[in-house]
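Given the coordinates of chain A, work out where chain B should sit on it, guided by the hints.
Listed here are the chains, written in short residue letters.
2 protein chains.
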Amino acid sequence: MNINDIGEFGLVDRLAEKIQVRNASTIKGVGDDAAVIAAGGGCSLLTTDMLLEGIHFDLTYVPLKHLGYKAAMVNFSDVYAMNGFPRQLVVSLGISKRFDVEHIDELYEGMMLACERHEVDLVGGDTSTSLTGLTIGVSVLGECEPDRVVYRSGARPTDLICITGSLGAAYMGLLLLEREKKVFEANPNADPQLAGYEHLIEKYLKPEANREAILSLRQAGITPTSMIDISDGLASDVLQICRRSGVGAHIYLDKIPIARQCMDMAEEMNFDAVTAALNGGEDYELLFTIPLSLHDRVKDLGSIAVVGHVVEQGRGALLIPPNGSPVRLRAQGFR
Amino acid sequence: MNINDIGEFGLVDRLAEKIQVRNASTIKGVGDDAAVIAAGGGCSLLTTDMLLEGIHFDLTYVPLKHLGYKAAMVNFSDVYAMNGFPRQLVVSLGISKRFDVEHIDELYEGMMLACERHEVDLVGGDTSTSLTGLTIGVSVLGECEPDRVVYRSGARPTDLICITGSLGAAYMGLLLLEREKKVFEANPNADPQLAGYEHLIEKYLKPEANREAILSLRQAGITPTSMIDISDGLASDVLQICRRSGVGAHIYLDKIPIARQCMDMAEEMNFDAVTAALNGGEDYELLFTIPLSLHDRVKDLGSIAVVGHVVEQGRGALLIPPNGSPVRLRAQGFR
Chain A
1 MNINDIGEFG LVDRLAEKIQ VRNASTIKGV GDDAAVIAAG GGCSLLTTDM LLEGIHFDLT
61 YVPLKHLGYK AAMVNFSDVY AMNGFPRQLV VSLGISKRFD VEHIDELYEG MMLACERHEV
121 DLVGGDTSTS LTGLTIGVSV LGECEPDRVV YRSGARPTDL ICITGSLGAA YMGLLLLERE
181 KKVFEANPNA DPQLAGYEHL IEKYLKPEAN REAILSLRQA GITPTSMIDI SDGLASDVLQ
241 ICRRSGVGAH IYLDKIPIAR QCMDMAEEMN FDAVTAALNG GEDYELLFTI PLSLHDRVKD
301 LGSIAVVGHV VEQGRGALLI PPNGSPVRLR AQGFR
Chain B
1001 MNINDIGEFG LVDRLAEKIQ VRNASTIKGV GDDAAVIAAG GGCSLLTTDM LLEGIHFDLT
1061 YVPLKHLGYK AAMVNFSDVY AMNGFPRQLV VSLGISKRFD VEHIDELYEG MMLACERHEV
1121 DLVGGDTSTS LTGLTIGVSV LGECEPDRVV YRSGARPTDL ICITGSLGAA YMGLLLLERE
1181 KKVFEANPNA DPQLAGYEHL IEKYLKPEAN REAILSLRQA GITPTSMIDI SDGLASDVLQ
1241 ICRRSGVGAH IYLDKIPIAR QCMDMAEEMN FDAVTAALNG GEDYELLFTI PLSLHDRVKD
1301 LGSIAVVGHV VEQGRGALLI PPNGSPVRLR AQGFR
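In order, the protein sequence lines correspond to chains A and B. Note that the working numbering numbers the first sequence so that position 22 is 22, with each residue one more than the last. Start counting at 1 in the second sequence, then tack on 1000, and there's your number in the working numbering.
Extracted from the complex, chain A is given alone in its bound form:
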């Protein structure tokens, strides 16, 4: 059977079916942003991600320092998506012969900067040669009070669906960098045209996991009913919440927050900015649900957009345009 036929989610389901949990300390295994493990009176959160050259990054325009930063950040984002805080990080590197010690230093520099900003300790490193390219495996251990852990499965009908920051910028940044790469390949003397689009490039190269959002939700006394980080695009991640919570969702197209630079770039490239937000991925913002009664409290926080609400499962997962008919949300497949 071809892997593309069942996709990454299909593979995870296949695996999840076979798993037996043996240890009482395992509170939540496969199927959320991080595993949840009882540790003393608290909870540990464990997550892992692997970045492969040629698949997840292209070193012709991704500086190694940024790459190290991002490799750490995508894992921190998974921990925040459980309403916890990352604390320790371990990293494995597979390095081909074309890299030297200074390259590895740059990569670690970015990773350590990410750790510094998010108060995480780098506690283990493992390095080996690889036949081709660079592979980065990062795992992060986080922490959360047991009564504050937020799962994908807690969304209930009438809950509001909220998003931090704005979407689509990372994907437009990637398209822009790919365009300039082609220009450079055709004419190595051409200057890259990136001015005015710094926000897009930064969102792609150096995403910031949204610790601030978690801190301000806590300060406001808000514990979301469900949460996920937006790494695969809004559509895919809303569908994950729907599936794990056994609910539907109505998302209002005109409520989806899209940055101005993302709009401008989309127009310039003749691309649909909403598609970037729905399916682009890599935004590393947070998608969460809250009871309707907390609407005013979340509105006061600023930089959080209410984009729709949770409905009964039978009412579907729909994208509702201001004019015209609702369309079913669809996830992109295995990338």
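For the record, the hints were derived by calculation from the structure and aren't laboratory data. Predicted model, so just to flag it, every value in this text is computed and none were measured. It is possible that part of the hints are untrue.
Unchecked claim - Residues on chain B that point at chain A, a partial pick, calculated with CB under 8 angstroms:
no. : residue
1   : Met1001
2   : Ile1019
3   : Arg1022
4   : Gly1029
5   : Asp1049
6   : Leu1052
7   : Met1112
8   : Leu1113
9   : Leu1122
10  : Val1123
11  : Thr1127
12  : Leu1141
13  : Gly1221
14  : Thr1223
What the hints assert, rightly or not - Here are some of the chain A residues that sit facing chain B, going by a computed Cβ distance under 7 angstroms:
no. : residue
15  : Val12
16  : Val21
17  : Leu46
18  : Leu52
19  : Ile55
20  : Ser130
Think of the CB as a built atom: it goes at the ideal place given N, C-alpha and C, for glycine as much as any other residue.
Frame of chain A, contents of chain B only:
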């Protein structure tokens, strides 16, 4: 600067120098078999390892099920080497197009069998495509009582140096499989000549992390003063203990436990079995030190060999043959 000039250990040192620890929960970071993290009243142990196709394994003779088993086991071994028990495992896979769903099933089957035997829960999986080959990143979370964690740094002069099981078999198994691969490549009709050497092949393809040794040490009330798992070969791993503990070591060549099949194979291949034990690696046995006063207690356990003793740093790390002059222990470099 070329990575080979400083080696893997040099890279780890370079990294360790730059690290600042920020969280009070981080008890031990880089520099041991696993990181040690305070969690409630207990300790969590965190370790990670990456296996890359063409570097760590050759799929022409490594079955995927065995590979999954081994990928889990090498991490369990790191946790046992801290005197703890593995509890949860997360895995990241990078998979090229030549693999299908059934291949991934086999890999997971081996991993889950390892988890079953060592009472570990598989709590997270992440899968993505890769341009070439198979990459497996595994991280394991373990547990230990705070007063029982054993570090590489606790060896003291007069301590006895002990080894579980026997050494060299995994490396001889690898040599044998490589030999038969060449025979097969020259003549695909030739039958592989593996009979009588099942132990060597099993030690290489399907190593078993030594949980039994940890259990029996505990039952006997013995807490080692230092410990490490023998993954890089006895020489390299003794030197790690010496370095972290600030001591020397005298190892008696004729005390090094070497399996009969390993001796036989070495003779057949005109290879030195002691070299396989000293530098072959991948044995995943445990090397530990105990106070001299516990000699009788450890002798009673069986299947543990006393191979030497810890000395003052100035007296060096030496291999002492029954006849002839002592030689300095040397580690193999970056593999």
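Problem - Broken hints, by number - result: Violated: hints 8, 13, 14.
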